[in-house]
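*Asks:* Once you've looked at the hints, dock chain S against the given chain P.
There are 2 protein chains.
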Amino acid sequence: MYNYKLLIQYDGGRYKGWQRLGNGENTIQGKIEYVLSELIGEPTEIIGCSRTDAGVHALTQVANFKTSKEFSGNDIMKYLNHYLPQDISVIEVATVSEDFHARYHAKEKTYLYRIWNREYTNPFMRKYSMHIEDKLDITLMEEAASYFIGAHDFTAYTNAKTKKKSMVREIYSIKIHEEEGFINIRIRGNAFLYNMVRRMVGTLIEVGLGKCEPNEIPKIIEAKQRNQTGDMAQACGLYLENIQY
Amino acid sequence: MYNYKLLIQYDGGRYKGWQRLGNGENTIQGKIEYVLSELIGEPTEIIGCSRTDAGVHALTQVANFKTSKEFSGNDIMKYLNHYLPQDISVIEVATVSEDFHARYHAKEKTYLYRIWNREYTNPFMRKYSMHIEDKLDITLMEEAASYFIGAHDFTAYTNAKTKKKSMVREIYSIKIHEEEGFINIRIRGNAFLYNMVRRMVGTLIEVGLGKCEPNEIPKIIEAKQRNQTGDMAQACGLYLENIQY
Numbered sequence: 001m002y003n004y005k006l007l008i009q010y011d012g013g014r015y016k017g018w019q020r021l022g023n024g025e026n027t028i029q030g031k032i033e034y035v036l037s038e039l040i041g042e043p044t045e046i047i048g049c050s051r052t053d054a055g056v057h058a059l060t061q062v063a064n065f066k067t068s069k070e071f072s073g074n075d076i077m078k079y080l081n082h083y084l085p086q087d088i089s090v091i092e093v094a095t096v097s098e099d100f101h102a103r104y105h106a107k108e109k110t111y112l113y114r115i116w117n118r119e120y121t122n123p124f125m126r127k128y129s130m131h132i133e134d135k136l137d138i139t140l141m142e143e144a145a146s147y148f149i150g151a152h153d154f155t156a157y158t159n160a161k162t163k164k165k166s167m168v169r170e171i172y173s174i175k176i177h178e179e180e181g182f183i184n185i186r187i188r189g190n191a192f193l194y195n196m197v198r199r200m201v202g203t204l205i206e207v208g209l210g211k212c213e214p215n216e217i218p219k220i221i222e223a224k225q226r227n228q229t230g231d232m233a234q235a236c237g238l239y240l241e242n243i244q245y
Numbered sequence: 001m002y003n004y005k006l007l008i009q010y011d012g013g014r015y016k017g018w019q020r021l022g023n024g025e026n027t028i029q030g031k032i033e034y035v036l037s038e039l040i041g042e043p044t045e046i047i048g049c050s051r052t053d054a055g056v057h058a059l060t061q062v063a064n065f066k067t068s069k070e071f072s073g074n075d076i077m078k079y080l081n082h083y084l085p086q087d088i089s090v091i092e093v094a095t096v097s098e099d100f101h102a103r104y105h106a107k108e109k110t111y112l113y114r115i116w117n118r119e120y121t122n123p124f125m126r127k128y129s130m131h132i133e134d135k136l137d138i139t140l141m142e143e144a145a146s147y148f149i150g151a152h153d154f155t156a157y158t159n160a161k162t163k164k165k166s167m168v169r170e171i172y173s174i175k176i177h178e179e180e181g182f183i184n185i186r187i188r189g190n191a192f193l194y195n196m197v198r199r200m201v202g203t204l205i206e207v208g209l210g211k212c213e214p215n216e217i218p219k220i221i222e223a224k225q226r227n228q229t230g231d232m233a234q235a236c237g238l239y240l241e242n243i244q245y
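Here the protein sequences line up with chains P and S, keeping their order.
Mapping to UniProt numbering: the first sequence position 19 is 19, numbers consecutive.
Mapping to UniProt numbering: the second sequence position 94 is 94, numbers consecutive.
Please keep in mind that the hints were generated in silico from the structure rather than gathered at the bench.
Please read these numbers as outputs of a predicted model, since none were measured by experiment.
One should not assume that every hint holds.
The list treats identical chains as one, so a pair stands whether inside a single copy or across any two.
In silico EDC-like pairs for lysine to aspartate or glutamate, Cα to Cα no more than 20 Å straight-line [said to hold, decoys possible]: (1) 69 / 241; (2) 78 / 45; (3) 161 / 178; (4) 66 / 143; (5) 5 / 45; (6) 31 / 98.
Looking at chain P on its own, in the form it has when it is part of the complex (with noise of 0.2 Å):
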């Protein structure tokens, strides 16, 4: 068999997020294997790293497929960019040894959030991006981003479906850097809870806008009750950013 890795970006925004759902269902999952499925001349199925939410976007998406047929990755990579929609792009596809798996083998995701902080809207990044008018201080969401580095159970910081062996994870950093109108939030770790970057973002927000103290946030997660976190932020902000294998 031989094993293909593909780097894939996305505009998410009018998808119902990376994983394949039932007939007809808008996924970014469903549409790479209806492609990929032509040039393969049989079902064929990809296993993605994350299973990114309805609207958010990739950067970075990593993805594997096996077939018994051999093709040339940039002969792959043609195909799939002349199929696909314009949302969704294929920019790196490699031959990988046999027993690669994007999801098992990552060892480490980079997720980017972007918020827009000024008090007019971004014309152009409007899609891209979570407006905020209200401005956030910065020194205080850095303070209450410390509090989440390290491994911690994060039931607090996911929806109630969710059902894990474990609940801990693990951040190894939160990066906040603001940048002409933006605040640019990077959360690196080794794995997330389903919404659980959305809800941290969230819980940031409320710090940043004084309506939580940065020193609260050990309590919310030692308490793992779901409904102490803050609004979830926007799916039209985050950003799968990189993996790490």
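*Replies:* Frame of chain P; chain S shown alone:
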């Protein structure tokens, strides 16, 4: 009379350009005048510096309007941004002397043209740049651009409908900058004819693709024939970037 100067930003994607047309036509001037007239309490006309074409964007459009009523700049800005669609933003309002005229007093304009020059599309910039798959030769384009500098009769670089007393315009500089897959072309001049920037960029693209020699440009300009400039570059890659007074 009070005279207010506005700096305006817009995503021109879904508009028929800046200039107000008949009733119900979707134009940027029309949208702003509608909301502004509500604020002022009487029909109020706004003068824009540049009549950007259908689909063309503005990072900074300058406009002004006069009224006998006094408002704070901040109140005007808040009202407009509250009622305007999200793809039009007023980013600054200033009170100016009664003789200021956004169009007549402009001394210099800068247009930015963005080309995405990779094989695959850019999912996030597909509506904000022109996609050219084949690699462009920047050195040739820079050589070609140098022939546009100076005062020339740009009849060849406008469309047949354009009737102006003089077709002479002066180009001060053209800078071509490559950056992470984008080729950004900045054209600075005293004024521009209808479609002139997109036709100039069209020629630069032909040169970059090797379909036209740089030294053919003086001949194209001199011939004053409109069918020799190559295809007009797409509207979605063009931004009115800056206006000097």
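*Asks:* Does each hint hold? Answer for all of them.
*Replies:* Evaluated hints:
| no. | hint | verdict |
| --- | --- | --- |
| 1 | 69 / 241 | neither (31 Å within a copy, 50 Å between copies) |
| 2 | 78 / 45 | within (19 Å within a copy, 51 Å between copies) |
| 3 | 161 / 178 | neither (34 Å within a copy, 47 Å between copies) |
| 4 | 66 / 143 | neither (45 Å within a copy, 48 Å between copies) |
| 5 | 5 / 45 | within (13 Å within a copy, 57 Å between copies) |
| 6 | 31 / 98 | neither (24 Å within a copy, 58 Å between copies) |
Checked against the numbered hints given earlier, this structure breaks hints 1, 3, 4, 6; the rest are met.
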